[in-house]
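Visitor: Take a look at the letters that make up each chain.
Number of protein chains: 4
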Amino acid sequence: MNVDYENLKTYAIKLLGERGVTLTDIANITYELQIKYYNNLTIEECLENVKQVLCKREVMFTVITGITIDKLAESGAIEEPLRSILLDDYSLYGIDEVLAYSIVNIYGSIGLTNFGYVDKVKLGKIGEIDRLGKNSGVCNTFLDDIIGAIASAAASRIAHAR
Amino acid sequence: MNVDYENLKTYAIKLLGERGVTLTDIANITYELQIKYYNNLTIEECLENVKQVLCKREVMFTVITGITIDKLAESGAIEEPLRSILLDDYSLYGIDEVLAYSIVNIYGSIGLTNFGYVDKVKLGKIGEIDRLGKNSGVCNTFLDDIIGAIASAAASRIAHAR
Amino acid sequence: MNVDYENLKTYAIKLLGERGVTLTDIANITYELQIKYYNNLTIEECLENVKQVLCKREVMFTVITGITIDKLAESGAIEEPLRSILLDDYSLYGIDEVLAYSIVNIYGSIGLTNFGYVDKVKLGKIGEIDRLGKNSGVCNTFLDDIIGAIASAAASRIAHAR
Amino acid sequence: MNVDYENLKTYAIKLLGERGVTLTDIANITYELQIKYYNNLTIEECLENVKQVLCKREVMFTVITGITIDKLAESGAIEEPLRSILLDDYSLYGIDEVLAYSIVNIYGSIGLTNFGYVDKVKLGKIGEIDRLGKNSGVCNTFLDDIIGAIASAAASRIAHAR
Numbered sequence: 005m006n007v008d009y010e011n012l013k014t015y016a017i018k019l020l021g022e023r024g025v026t027l028t029d030i031a032n033i034t035y036e037l038q039i040k041y042y043n044n045l046t047i048e049e050c051l052e053n054v055k056q057v058l059c060k061r062e063v064m065f066t067v068i069t070g071i072t073i074d075k076l077a078e079s080g081a082i083e084e085p086l087r088s089i090l091l092d093d094y095s096l097y098g099i100d101e102v103l104a105y106s107i108v109n110i111y112g113s114i115g116l117t118n119f120g121y122v123d124k125v126k127l128g129k130i131g132e133i134d135r136l137g138k139n140s141g142v143c144n145t146f147l148d149d150i151i152g153a154i155a156s157a158a159a160s161r162i163a164h165a166r
Numbered sequence: 005m006n007v008d009y010e011n012l013k014t015y016a017i018k019l020l021g022e023r024g025v026t027l028t029d030i031a032n033i034t035y036e037l038q039i040k041y042y043n044n045l046t047i048e049e050c051l052e053n054v055k056q057v058l059c060k061r062e063v064m065f066t067v068i069t070g071i072t073i074d075k076l077a078e079s080g081a082i083e084e085p086l087r088s089i090l091l092d093d094y095s096l097y098g099i100d101e102v103l104a105y106s107i108v109n110i111y112g113s114i115g116l117t118n119f120g121y122v123d124k125v126k127l128g129k130i131g132e133i134d135r136l137g138k139n140s141g142v143c144n145t146f147l148d149d150i151i152g153a154i155a156s157a158a159a160s161r162i163a164h165a166r
Numbered sequence: 005m006n007v008d009y010e011n012l013k014t015y016a017i018k019l020l021g022e023r024g025v026t027l028t029d030i031a032n033i034t035y036e037l038q039i040k041y042y043n044n045l046t047i048e049e050c051l052e053n054v055k056q057v058l059c060k061r062e063v064m065f066t067v068i069t070g071i072t073i074d075k076l077a078e079s080g081a082i083e084e085p086l087r088s089i090l091l092d093d094y095s096l097y098g099i100d101e102v103l104a105y106s107i108v109n110i111y112g113s114i115g116l117t118n119f120g121y122v123d124k125v126k127l128g129k130i131g132e133i134d135r136l137g138k139n140s141g142v143c144n145t146f147l148d149d150i151i152g153a154i155a156s157a158a159a160s161r162i163a164h165a166r
Numbered sequence: 005m006n007v008d009y010e011n012l013k014t015y016a017i018k019l020l021g022e023r024g025v026t027l028t029d030i031a032n033i034t035y036e037l038q039i040k041y042y043n044n045l046t047i048e049e050c051l052e053n054v055k056q057v058l059c060k061r062e063v064m065f066t067v068i069t070g071i072t073i074d075k076l077a078e079s080g081a082i083e084e085p086l087r088s089i090l091l092d093d094y095s096l097y098g099i100d101e102v103l104a105y106s107i108v109n110i111y112g113s114i115g116l117t118n119f120g121y122v123d124k125v126k127l128g129k130i131g132e133i134d135r136l137g138k139n140s141g142v143c144n145t146f147l148d149d150i151i152g153a154i155a156s157a158a159a160s161r162i163a164h165a166r
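Residue numbers (the numbering used here), protein chains in the order written: chain A, 5 to 166; chain B, 5 to 166; chain C, 5 to 166; chain D, 5 to 166.
By construction, these hints were calculated from the structure, which means they are not laboratory data.
It cannot be assumed that every hint is accurate.
[To be verified] Straight-line distance between alpha carbons at most 27 Å, and here's what the computed DSS-like set of lysine-lysine pairs gives:
hint	chain 1	residue 1	chain 2	residue 2
1	C	K13	D	K75
2	B	K124	D	K124
3	D	K40	D	K75
4	C	K126	B	K60
5	A	K126	A	K60
6	B	K124	D	K55
7	C	K60	A	K40
8	A	K124	A	K60
9	B	K60	C	K13
10	B	K138	C	K126
11	D	K40	D	K138
12	D	K138	B	K40
13	B	K40	A	K13
14	B	K13	C	K60
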């Protein structure tokens, strides 16, 4: 099987957009995480690093798989009890964190701390996505963790490069 | 949200059964892995340990999520290009291994080696499931890794108990 | 080889004590993490869960290995350049987070977020340990992550039990 | 703190050499793993990929930390009971697999299966290192897992590139 990764990346970014998330939204989270360490950091540098993270195949596959599950929970294609677990963003489910961790870990373990932090304090767009997910019929269970993971991976990438 | 874990376990076992996998199939893999170390090991002891692994919440959630994705790839509910990636069990996809690892890791890192081994040599039922998955329209991308992961987790459980 | 795990646990707790950390210090972090979710939570319940986490073999091994490395960095038994990397708690080292993650993960991925959070904001004793580690000749590189990991694992254990 | 990563890589390779392992030994394991998939694969391509894996910071840190622990167990600088656990390569210790996994995972989860397999069947140099480690006073507890992890990471790198 041949996978066209340029198309796959475009598709992953399209899915993020459909769910209301731009790469700049993610770059803003990275910026918040790293500005205290590098006072000459710019949003542009964060955005460039977010784009580089999205070039990793495992990241594309995680984004596409996670958002697909969220959408199928909304559409009703996923049967009970999993559907309700996903729609409720049930706190002990944990598979969303498992997928997110696979993104973070590609840039080594140092991103783990950032991921946990942004996920807990619901930094920037993560908080908005999380709140939207509480509306009836909306499922952002995987999306908020994926955004936090990409932002944290980009932060690790910046830390390694400087 | 209250999740009835007794029902959830029953549902996970039912899904495995629908996909052609009994707990004894999994116990047989555990037995093959561990008989060289414990010559008084029985299938019954392996089966009991497989059942205990299935009592862990993260294991139930992983089984249900993975098999649900396999089924949705078959039914056509998952859109392209992810559908073809899943139906072809594309070797660089990797999310199946990510989910499997979350099962293995609950019993510590020692299960990792067993998981890699059974996945590579396609021990017992894993080989059968893998071959079935190559038929047109059948998707066992997550199922074979999940079986290997449960069998390896049960092997770790036995190693810790003896 | 036979390992006496009762002795091993006692040894792990003794090492934590030598480095200035009591199980109650760890329980206090767990309490801070979970009191917002369970308003009838007590320090005693947190302490009991911390003790249960320390009964897991992989946890004991991680505590003992991590603190041993910290001590050997201080004593000079570890040669350069690793010694300076450890004494400086170099931010890109990452092996401390790797070990910590092995503790957290035994209770599933839900602890990941708590670990990242306490590590970032340096909650309670973690902040004190981190500051002490900045003194010349003192190495707490593994210790602070280990404490955060045990506290987060205990928080996961409470979440699963309630 | 500034770390000279060119020096650090040289030091990691020197430590491997002191413990009897050349990069070609590792490349040979990668070759055995991948030749069945790519019949025009050469040892040179494997060696080049092994070298690239060793350019990753987390890999260098893992190699240096693991081999340092092995050497300190031999020298007597590590106190009991950890010393005996390391010298005996105690099967439930697990921290060696945890460190190895941090190497494998940088190239995504697909390397996990290869790592488990080579670790189980003790492919090539891994078997030799493992046997040497059984001699009195010799500790290769971390070394054999590290070699398997680098070889598996290089195999993942080849799979991603082709």
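Visitor: Please verify whether A:K126 and A:K60 have alpha carbons no more than 27 Å apart.
Guide: 25 Å, holds
Visitor: What's the verdict on B:K138 and C:K126, does the C-alpha distance respect the 27 Å limit or exceed it?
Guide: Distance of about 50 Å is beyond 27 Å: violated.
Visitor: Compare the distance between the alpha carbons of B:K60 and C:K13 with 27 Å, and conclude whether the hinted pair is satisfied.
Guide: Distance of about 24 Å is within 27 Å: holds.
Visitor: Taking 27 Å as the top limit, are the C-alpha atoms of D:K40 and D:K75 close enough?
Guide: Violated, because 36 Å separates the two Cα atoms, which is more than 27 Å.
Visitor: For the pair supplied as a hint, C:K126 and B:K60, is the alpha-carbon distance within the 27 Å limit?
Guide: Roughly 31 Å between the alpha carbons, so the hint for C:K126 and B:K60 is violated.
Visitor: Check the hint pairing B:K40 with A:K13 against an upper bound of 27 Å on the C-alpha distance.
Guide: Between B:K40 and A:K13 the Cα gap is close to 46 Å, so the pair fails against 27 Å, i.e. violated.
Visitor: Is the Cα-Cα distance between B:K13 and C:K60 27 Å or less?
Guide: Satisfied, since the Cα-Cα distance of roughly 24 Å is no more than 27 Å.
Visitor: Take the C-alpha atoms of D:K138 and B:K40, compute the straight-line distance between them, and say whether it is at most 27 Å.
Guide: 19 Å, holds
Visitor: Need the status of pair C:K60, A:K40: alpha-carbon distance at most 27 Å?
Guide: Measuring from Cα to Cα gives roughly 37 Å; hence the hint is violated.
Visitor: Need the status of pair D:K40, D:K138: alpha-carbon distance at most 27 Å?
Guide: Judged against 27 Å, a Cα distance of about 32 Å means the pair is violated.
Visitor: So if I understand the rule, the pair passes when the alpha-carbon distance is 27 Å or less; does A:K124 with A:K60 pass?
Guide: 25 Å, holds
Visitor: Does the alpha-carbon distance linking C:K13 and D:K75 stay inside the 27 Å limit?
Guide: Within the cut-off at roughly 25 Å; holds.
Hint compliance for this structure: hints 3, 4, 7, 10, 11, 13 are broken, all remaining hints hold.
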